[in-house]
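Protein chains in written order, with the numbering used here: chain Y, 51 to 690; chain P, 51 to 690.
A hint or two may mislead.
You can't tell identical chains apart in this list, so a pair holds if it fits in one copy or across any two.
Stated by the list, open to error - Cross-link-like lysine to any residue pairs, in silico, SDA-like; alpha carbons within 20 Å at most:
1. LYS137 with ALA107
2. LYS91 with GLY104
3. LYS85 with HIS423
4. LYS547 with SER522
5. LYS74 with VAL426
6. LYS625 with VAL597
7. LYS625 with ARG603
8. LYS137 with PRO482
9. LYS117 with GLN563
10. LYS84 with PHE422
11. LYS554 with LEU381
12. LYS137 with LEU636
13. LYS658 with MET158
14. LYS106 with GLN550
Everything labelled a hint here was simulated from the structure, so no lab data went into it.
Protein chains: 2
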Amino acid sequence: MNLAQALFSPRAVALIGASGDPAKNTARPQRYLKKHGYAGKVFPVNPVRKEVLGEKAWPRVSELPEKVDHAYILIEDVEQALEDCGKAGVAVASIFSGGFADAGEEGMRRQARLVERARALGVRLLGPNSMGVIDIPGKLTLSVNAVLEMPALPAGGTSIVSQSGTMLGTLLSRGAARGLGFAKLISVGNEADVGVGELVELLAADSATHVILLFLETVRAPARLAAAARAAHAAGKAVVAYKLGRSALGEAAARSHTGALAGSDAALDAYFADCGIVRVDMLETLLEISPLLAGRSPLDLKRPGKVFVVTTTGGGAATVVDRLGMRGVELAAPIMDLTMAGTNATYAAALEKALQSDCDAVLAAVGSSAQFHPEVAVEPIISARAQKPVVTFFTPQAERSLALAAAAGIAAFRTPEACADALAAFFSWHAPNDRPAGALEIGSLQGFELFSHLGVPVAPWAIAEAPDYRHSIPYPVAVKRLGEHKTDSGGVLLGIKDHQDFQKKAASLDARQVLVQTMESGLAEAIVGYRDDPVVGPIVVVGAGGVLAEVYRDAVVRMAPVSEGEAEDMIARVKGFAAIRGYRNLPRGDVAALAKAVAAVSRLALAKGRPVLEAEINPLLVKASGVVALDALVAHKAAP
Amino acid sequence: MNLAQALFSPRAVALIGASGDPAKNTARPQRYLKKHGYAGKVFPVNPVRKEVLGEKAWPRVSELPEKVDHAYILIEDVEQALEDCGKAGVAVASIFSGGFADAGEEGMRRQARLVERARALGVRLLGPNSMGVIDIPGKLTLSVNAVLEMPALPAGGTSIVSQSGTMLGTLLSRGAARGLGFAKLISVGNEADVGVGELVELLAADSATHVILLFLETVRAPARLAAAARAAHAAGKAVVAYKLGRSALGEAAARSHTGALAGSDAALDAYFADCGIVRVDMLETLLEISPLLAGRSPLDLKRPGKVFVVTTTGGGAATVVDRLGMRGVELAAPIMDLTMAGTNATYAAALEKALQSDCDAVLAAVGSSAQFHPEVAVEPIISARAQKPVVTFFTPQAERSLALAAAAGIAAFRTPEACADALAAFFSWHAPNDRPAGALEIGSLQGFELFSHLGVPVAPWAIAEAPDYRHSIPYPVAVKRLGEHKTDSGGVLLGIKDHQDFQKKAASLDARQVLVQTMESGLAEAIVGYRDDPVVGPIVVVGAGGVLAEVYRDAVVRMAPVSEGEAEDMIARVKGFAAIRGYRNLPRGDVAALAKAVAAVSRLALAKGRPVLEAEINPLLVKASGVVALDALVAHKAAP
C-alpha cells in the first residue's frame, strides 16, 4: 500500500489513545469519522477501557482483529505506540502529540530518535504535532480539528497543506462560507518525516486535486518542495503559498551586507518565484484566488499585467484599481463605468468588449445589483467566461451573488485588497525556471582570485611587504591593511601618487603586508553577493552600492545561478541603478557588464560540493565600459 | 430652520421629478421614505401626472399646500426646480441630477451659475450628483441608493460622509452585516455648496453621532474640513478617512523636486495627521475600526504602539502580528498562546494579565471556539473590557461571535490585515495640531536672499560680471551660470582655486553675469522644500539629497509651519539621514541645525498673503556643525 493510499484512503484506522471523555480533543477523531461517514473500520485503542464512545476498545494496535493502514497517535507515549504500529504493520502513523521538535533541544533529539526508529520499523510518520488528515470526497476525517463540528464538509478540487494545524480549520471554514470545495487537507506538524514537499508531490498526482494551497511558517525541505512544485506545474496544477514572516525581514542577524540586504523573506520570494509557486500577500487571497488559478497556466508575462475594468460603481471599482496601481498592474483602458440603469444586455456587451481588448484579465466590479438582484448581476459574468479570466468584486454585502459566482467557478473577492492581491499574484505567476546543471571547479580559491576565476574583472592588485613595500602596480594606487573592508574606513588610504608617498603611507598602516590596488573610477557602485541561504539554498543578490542603498534595502534577490538575461532583469529592478540607466541625463553605466558579473558570481551555486557560504563584491565599480571589483569577501563553509 | 434640521429632520419633503415608473431610480425615494417610516409629509412633484405611486402629484413646489424644508431634485432642469424652491422658501435642495462639475468645463460653469443663484435665493444645495441623505434613527431615507431595499436599517452611532454615492450603499450594507449601526449617511456629490467639511461640523455637533467615517476621492475644502475635524476632536468624536489615490503618488506632473518628492498622497497623509483624522488603508477597516475609536481619545504616542496578544491559535495570531510588524507596531510581550484545552477562566485570566501589562491595546485572536462556542469565546472578551481597548480577530468563519462582539461594542475584524491596519491607525492617531499664528514679512525676496531672511545660513555668494568677473568671495569658489541648477551639470564649475582660473572658467560659461560661491564641504546633502499644495495648502518637506534619495522618494512631509521639535521628528523619519545619525560609525551631522532650517523654511506658510508657491533648498549641506544652503529656488504665485 503506497503512502497516498494509507494517508488518505486507509481501509481501516486505529485511534491510539482515543478518549472516552467527549470533552477531550482526543475523543474527537472517533466522533468525526463517524459523523462524516468514513466507510472503513475505526478501532479505538485504549488499554484502560473496554469501550470508548460506545465502540469496543482494544488494548494495542498489534492485537486488532484486522490490519489498519493508518494510525493516529493521540497519547504521550508516542514511542511505545510506534513500536506497536511497527509490529502491526501499520503503513503510516499520524501523531497529534507534541513534545518533539516543538519543545526545544531535548525534544529535537527525541524526534530524531523517533524518526530513526520509524524508518527501521517501516512506518511513515505525519507530525508529530499534527492535527491530522482530511479527505472530503473520500470521507476521511482523521483529525482533532474542531472545524469538523461543521454539519457537512464541502467537497471540491482545492487541497491544502498547512504548517499550522488550527489554520487548517480556519481555511476550511472560511472556504466553505465562500462556496469553495476541498479535496484533501493535511496538517503537517513538525514534518519529522512526511513534509510539505512530499505531500505536494502526492497532490500533484491526485486526480481529485486541481489547486494546491500552502499555509507556511517556514520551508523545511526546499529542494523537495521545489521539485514537487515543478511536478504540480507539469500536471497543470497551481501551487499557492501564504507565508508568515514578511515582517521578519532583516530581523535575523546578518553577517555580511548581502545577508542584510537579502533577508530571509526576500530569499523566500525568490525561491517561490523560481519554482513557480504563486505567493499571495493576504490570508483570504489564499482561498479566493483558487477559482482564478484552477485549470490555468502561468501567463509568463515579461511586462506588467493589464486589467480591463467594467463596473456599475465607479467608486467601488476604484478601490480595487487604486490597489492594483500600488502593485504595478496597469489598466488596459480607462474604467468602463456603466450607468446605473445599465441593462443586462449592456453589461454583457461590455464584458464582451472587455474580453476582446488587449488585456490579461477582466475585472467586473458590481454595486447594489449584486445585493438585490444576484441573478441579474452574476449571469452576464458567468456567460462571459472565456479564455481570459473574469474576476469579480461585489462592493456591497452580497452573499447570494458570491455563492452564485462560486458555484460557477468564478473568482469573487470579498475585499478590494484581496481582489488586487490575487490579480497581481496571477500576473506575476511564472512557470518554474529550469535549474541549470553543470559543475564548476573552484578549489580553495579566495577573495579576488576566486572572482577572477569566475570571470569578474578585478582591479590589478598585489601584496607589498615591509620594509620597502616594493610592488609593480602602476600609480596612482590605493593601499589597505590586508582583510580590511573599505566601508570601515581607517585602514584604507586612497589616491597615492608615487612610490615615496606609498612607502610612507604603507608604513603608517603598521602592517608587515599591505594590499596595493590600482585606483579606479566609475559611474556607480554596485554590491553583488552570493549566499547559500540556510532555508532556500543558493541565492544571488545585486544592489546599488554605498551606505544609502544599504539603508534603503535596494537589492534584488534570485535563486542562483542566473543567466545574463535574468541578471539584466534583476538590475532593471534595482531603483538606485536609475543613476546609470540615464536618469536626469546622468552618464549611462555598462549594465551588460554588470549583468555578466552577476551571472558569473551566481555560478558559485554550481561549484562542486557548494563549498562557499557567502561571497560578496562590495563595491563593484560600474564604468561607462566594463565593471571592476574593488573589494571582495568570501566565506567558505566550515568543514563538516 | 437651520441646515442640520432641514437636511436630516425636515418636517416635509418634496421629490421634484418623482417618477411613477417603479423601475426608475427616480421613483425610489418616495418608496423608500414610506418603507422606512418617514414621519413627515412627502410631496411628489411632477407636472405631467396627477398622481405618482398612489400619491397625489403636484405641478411645482411653490404650489404645495404646506412648506417643505428639504426638496430632492431628480430632474434634468435643475435650474427651474431651484427657482421654484427659492420661491417656496425651501431651506435645502439635494440634487441627484448630474451634468455639472462632473461633466467638464461647461458643466463647471453651469454649476457656478447654479450656486450663485442658490445663494441669491437663500437655498442651500447638497450635490449636484448626490445620492441623498439618510438618517436612520430619524427615519429619513431621502435617497436613490438601492441599499434602501434592505428590509430594515440598523441604527447606531456611526455616521458616514461619502464622495461616492454608490459606496454609501456598500458601506451601509457591509456595516449592517457586521452589526454596525448608523446615524446619518450623506452622499455629497459635487459639493457645490454643502461639502464634507460642513457636514463634519454638523456631525460633530450631532448628539446621535459618535464616530464619523469619510469615504474620500479628494479634499475640496481642506481648511473647512480641518476646522471641522478639530471641532469633532473637541466633541470627543473620532474622524476616520479612507481615501482613494494612494497609487496616484507621483502621477501628477511635478514641476520641482519638492513636488515630486511630496506627491499629493503624502501631502494628504500630512494633512490628515495634522487635523487629527485617522487614515485607514483598507476599505473594511473604515467600518471595522469604528467600535475601537468610539468614545476614545487619541493616545498621542511618541513611540511605536505596543500590543499584547492572547490567542488560542498561534498561527492565527501570527497572521495579524506579521502585519503589525510591517506597520511598525511592537509586541508588549511574546504572543500568549493558550492551550487548546484552555478553560474560560484561563482565558479571562490571560486577558486580565494582558490588560495589566505595559501595552496600549490587547488583541484576542480566537480559533475554532469562535465558530462553535461563540458565547464561550466572546464572553471573557466582553467582561475584560477596561480602559485599554481589547480587539478581536476570530480566525474561522464565525458569524455569531462577530455579532456578539458587535453587540457588545467590541471591535472584531474579519481579516488579519484589517485588524492590523486598524491597530496601526489607532496607534498613529494624534490630537489635531495647533496651527501657529503669526505673520511674516517677506516682501519680494527671492532665492538666497529669501532663505537668509528666513534664517537659513547660505554659502557666501556674489554676482561677477564680464569682462573681468571681479568679486570678493575668498577662494576656492564655485561658479555657475545664473539660474543654473546644480544637478543639471554643465553650467556649474567647482573647486576654482584662484582668480586667474576663475576668469577663464567664468568666461567659458559664456554669460555676462555669473554666480560665485564659496566652496563648502559637509557630511551629507539634504533637500528642504516648501509648497503651497493646491489640495491641502502649505506643506514642508525634508529629504535626503542627491539623485538616489530622489529615486527612493525618501522624504517626509508635514503641514507647514512646523516647530523645530516637529522638524527633528521629520528628520528622524528620513531613512537616508542614517548616514548622519551615526550609522556604521559615520561622522554625525548637525541635525539640530537642519531642524532649525526646516522650521525656518516652513514659516513661509505664515508669510502675509502666502505669496510663495514653491521654495526649495537643494542641496542644503549638513556639516558636523551647522548647515549651509548651496542652491535655492523660489517660485512666487502668479499675480491674481
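Hint check results:
{"no.": "1", "hint": "LYS137 with ALA107", "verdict": "within (19 Å within a copy, 90 Å between copies)"}
{"no.": "2", "hint": "LYS91 with GLY104", "verdict": "within (14 Å within a copy, 69 Å between copies)"}
{"no.": "3", "hint": "LYS85 with HIS423", "verdict": "between (37 Å within a copy, 19 Å between copies)"}
{"no.": "4", "hint": "LYS547 with SER522", "verdict": "within (14 Å within a copy, 34 Å between copies)"}
{"no.": "5", "hint": "LYS74 with VAL426", "verdict": "between (48 Å within a copy, 16 Å between copies)"}
{"no.": "6", "hint": "LYS625 with VAL597", "verdict": "both (15 Å within a copy, 11 Å between copies)"}
{"no.": "7", "hint": "LYS625 with ARG603", "verdict": "both (10 Å within a copy, 10 Å between copies)"}
{"no.": "8", "hint": "LYS137 with PRO482", "verdict": "neither (42 Å within a copy, 73 Å between copies)"}
{"no.": "9", "hint": "LYS117 with GLN563", "verdict": "neither (74 Å within a copy, 101 Å between copies)"}
{"no.": "10", "hint": "LYS84 with PHE422", "verdict": "between (40 Å within a copy, 19 Å between copies)"}
{"no.": "11", "hint": "LYS554 with LEU381", "verdict": "neither (64 Å within a copy, 55 Å between copies)"}
{"no.": "12", "hint": "LYS137 with LEU636", "verdict": "neither (75 Å within a copy, 67 Å between copies)"}
{"no.": "13", "hint": "LYS658 with MET158", "verdict": "neither (31 Å within a copy, 73 Å between copies)"}
{"no.": "14", "hint": "LYS106 with GLN550", "verdict": "neither (97 Å within a copy, 109 Å between copies)"}
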